[in-house]
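Model the full assembly from the supplied sequences, consistent with the hints where possible.
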Amino acid sequence: MILANGASNGEGLVDNAYLLPTCSLGSDEGDAMKSYVSSSPNPTATIDVKGTVIGIKPALVVASFSARGPNGLNLEILKPDLIAPGVNILADWTDVFGPTDLDSNQRKTGFNILSRTSMACSRISGATTLLKSAHPNWSPTANRSTIMTTASITDNKN
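Taking UniProt numbering, the leading residue of the sequence shown gets 1, the next gets one more, and so forth.
By construction, these hints were calculated from the structure, which means they are not laboratory data.
Be aware that a few hints might be false.
Here are the computed lysine-lysine pairs in the DSS-like style, where the Cα-Cα straight-line distance is at most 30 Å [said to hold, decoys possible]: (1) 108 <-> 50; (2) 132 <-> 108; (3) 34 <-> 79.
Just the calculated beta-carbon pair ranges, DEER-fashion [as the list claims (entries may be wrong)]: (4) 143 <-> 47: 19 to 29 Å; (5) 128 <-> 28: 33 to 43 Å; (6) 143 <-> 108: 37 to 47 Å; (7) 133 <-> 81: 20 to 30 Å; (8) 71 <-> 18: 34 to 44 Å.
Ideal Cβ placement from N, Cα and C applies to all residues, glycine included.
Structure (structure tokens):
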């Protein structure tokens with residue numbers, strides 16, 4: 001199945017589990033694909049799997065479902081202080097439920113690809129736990145400051 005975003009969803013891709021093998025496309029790629037399919041009586045395509053590609057520009061963006069600043073009460077305060085990856089994360093999964101939201105999906109798997117704020121939260125919590133174990137006397141503010149001032153900036157220049 002090829003799943004293309006509409007114009008309102010733009011280029012952001014948040015994968016979900018499907019019962020069929022699925023390829024997700026942003027709006028622009030989806031429009032190009034639809035144009036190609038309608039322009040040829042026998043359209044063909046191939047998928048060239050390149051594996052993990054590093055250094056793709058533009059840099060990652062804050063997920064559409066994440067909170068972002070400025071602070072509603074004081075516009076001079078920018079939030080969030082920290083962000084972490086939370087989109088399309090390969091995560092542990094219970095075998096009580098199938099990987100989709102469908103009751104008919106009885107497949108069992110030990111992992112799933114998830115996109116949630118809780119995926120990012122667990123990364124920051126893990127970093128905080130490691131820092132707290134190395135410095136048990138530090139305050140929560142000191143821990144936060146350390147993580148904020150030692151984090152790597154990911155943007156289109158770095």
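Results of checking the hints against the structure:
1. 108 <-> 50: 28 Å, holds
2. 132 <-> 108: 36 Å, violated
3. 34 <-> 79: 39 Å, violated
4. 143 <-> 47: 19 to 29 Å: Cβ of residue 143 to Cβ of residue 47: about 44 Å, so the range 19 to 29 Å is violated.
5. 128 <-> 28: 33 to 43 Å: With a Cβ separation near 38 Å, residue 128 and residue 28 satisfy 33 to 43 Å, so the hint holds.
6. 143 <-> 108: 37 to 47 Å: Roughly 38 Å apart at Cβ, these two residues keep to the hinted range, so it holds.
7. 133 <-> 81: 20 to 30 Å: 22 Å, holds
8. 71 <-> 18: 34 to 44 Å: 38 Å, holds
Checked against the numbered hints above, the structure violates hints 2, 3, 4; every other hint is satisfied.
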